[in-house]
Amino acid sequence: MTTRSLRPSRPLITIERVVAALVVLIGFGLLASLQVFDAAFLYLLFVLATAFVVRSVDVEPGAWLGLRLVRRALVVVIALITLDFLTMRTTDFINVGIALLVLLALGDLALGRATRRIATADADRIDERQEALRNRAHRIAYAILAISVGLVLLIADVATPGTRRWLADSLGGGGVVSLIQLLFFSPAMVIAWIEPDRIADVDGSRMRRNLRARIAYGMVTFAVVMPVLMSLSLAVAPSRVSAFTRPEPDFVTPNGTAHCSYFDARTQAGIGFGATTRITAVACWDGRSAFEEWGLNSSDCYPYRAEFVTATTIECRRTMEFDGSLHFTYRTVVRSAILPFVSREVVMTLNLTKDGKVVQFP
Amino acid sequence: MRRKEDQKSPTADGQRPLFNRIAVLRTERQLSRQQLAEAVGVNYQTIGYIERGEYNPSLELAFRFAEVFGLPIEAIFSRQPLRPLSEELYPRPPKE
Numbered sequence: 001m002t003t004r005s006l007r008p009s010r011p012l013i014t015i016e017r018v019v020a021a022l023v024v025l026i027g028f029g030l031l032a033s034l035q036v037f038d039a040a041f042l043y044l045l046f047v048l049a050t051a052f053v054v055r056s057v058d059v060e061p062g063a064w065l066g067l068r069l070v071r072r073a074l075v076v077v078i079a080l081i082t083l084d085f086l087t088m089r090t091t092d093f094i095n096v097g098i099a100l101l102v103l104l105a106l107g108d109l110a111l112g113r114a115t116r117r118i119a120t121a122d123a124d125r126i127d128e129r130q131e132a133l134r135n136r137a138h139r140i141a142y143a144i145l146a147i148s149v150g151l152v153l154l155i156a157d158v159a160t161p162g163t164r165r166w167l168a169d170s171l172g173g174g175g176v177v178s179l180i181q182l183l184f185f186s187p188a189m190v191i192a193w194i195e196p197d198r199i200a201d202v203d204g205s206r207m208r209r210n211l212r213a214r215i216a217y218g219m220v221t222f223a224v225v226m227p228v229l230m231s232l233s234l235a236v237a238p239s240r241v242s243a244f245t246r247p248e249p250d251f252v253t254p255n256g257t258a259h260c261s262y263f264d265a266r267t268q269a270g271i272g273f274g275a276t277t278r279i280t281a282v283a284c285w286d287g288r289s290a291f292e293e294w295g296l297n298s299s300d301c302y303p304y305r306a307e308f309v310t311a312t313t314i315e316c317r318r319t320m321e322f323d324g325s326l327h328f329t330y331r332t333v334v335r336s337a338i339l340p341f342v343s344r345e346v347v348m349t350l351n352l353t354k355d356g357k358v359v360q361f362p
Numbered sequence: 001m002r003r004k005e006d007q008k009s010p011t012a013d014g015q016r017p018l019f020n021r022i023a024v025l026r027t028e029r030q031l032s033r034q035q036l037a038e039a040v041g042v043n044y045q046t047i048g049y050i051e052r053g054e055y056n057p058s059l060e061l062a063f064r065f066a067e068v069f070g071l072p073i074e075a076i077f078s079r080q081p082l083r084p085l086s087e088e089l090y091p092r093p094p095k096e
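Going down the list, the sequences are from chains P and D.
Residue numbers 1 to 362, in this note's numbering, belong to the letters of the first sequence in order.
Residue numbers 1 to 96, in this note's numbering, belong to the letters of the second sequence in order.
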């Protein structure tokens, strides 16, 4: 028997392929609308290439999701997305929530395939071992859910006013998504975690360790690990700052001649999945005071680029001091959308004296 | 020296493992796991888990195995490690 005969031939256009193509198109559209077309676009291309290589490996259908390692990785990814929704603010939910919701739905679909939907199957569709497994998974899942939800509610309600506020907010935002996910899918997650490697019908046909299979393994591992590493870079890698100034034409004011400069600075946080914040402005000085000609307004405080992160502006302030100097501060918190506990504060400042001396930039 | 089967760990649900000859009997009759699974009315994964001692079948299922193989239950399942069939047919002469 040749290995090729393990995969039954299928028509070119199937309902699964049409749905998959639609999902990919919607994913591209969402990414484009979120202005995350650089690293995210390349990553999506890599995922598609990985899917193509994985499909080309001759194995029994369903073999990949039959591996416990793959199933456990899937559970970890779903758990991270669920955690992400739990800690997400309403504004972030609007920005990255849809993309994460699509990811979560895809993860749940894969989870269903990996566990053969044992968690929700009727008794007449499964055998006695699967029934015992389903019952055990329900016991474990809902015991964990009851204890964890109970503890979170208890601690959040008695800890600080901040945690009570979080509790009230989470009921209207991503917290509901997390709760629904855990209520309906935690038994399937438990089954995916505890069930051993699936066994082949014919011995030796499950997964052949040839070169293509090894490459496929490597690509899958890379596709799973890379977003995590890129998200961690937000906390680990130093911020990269670039700035320049150039003179602008002078002009006459009631106080005399004003000299002007164009200021442009960028701060990049994270590698690949991160954010770039930017200040662009023309500021002038005439010996009595420094002032902006354009820029340095509250409408300028938004991230120039944000990929798989949420950037929340916590300070955007322009002040003119008594000594005539101009101060502008733009402070934002960049938080990973994949690992919500990873964040970095980025501060950009322009301090310009009335004599045109740049004290701090950026 | 103790044989490998003697050191089997408990099944996933914590039960004592049950030793069996299903893999040998299946190979002898040239049945795939899928074919045997259809004959006894379970998923083929369950056959694999029973063969590996990771799941103990119910009495009902054990009887169905006995019917399919045409053997008494005690020839298929045992609480004690099973000797190879060839050894049972042709026991080794005791060492002098």
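Calculated directly from the structure, the hints in this document are not laboratory data.
Backbone N, C-alpha and C fix where the C-beta goes; we use that ideal spot for every residue, glycine too.
Treat the hints with caution; some may be incorrect.
[Said to hold, decoys possible] Some chain D residues judged to face chain P by a derived CB distance under 8 Å, without partners named: (1) 54; (2) 55; (3) 59.
Violated hints, by number in ascending order, as checked against the structure: 3
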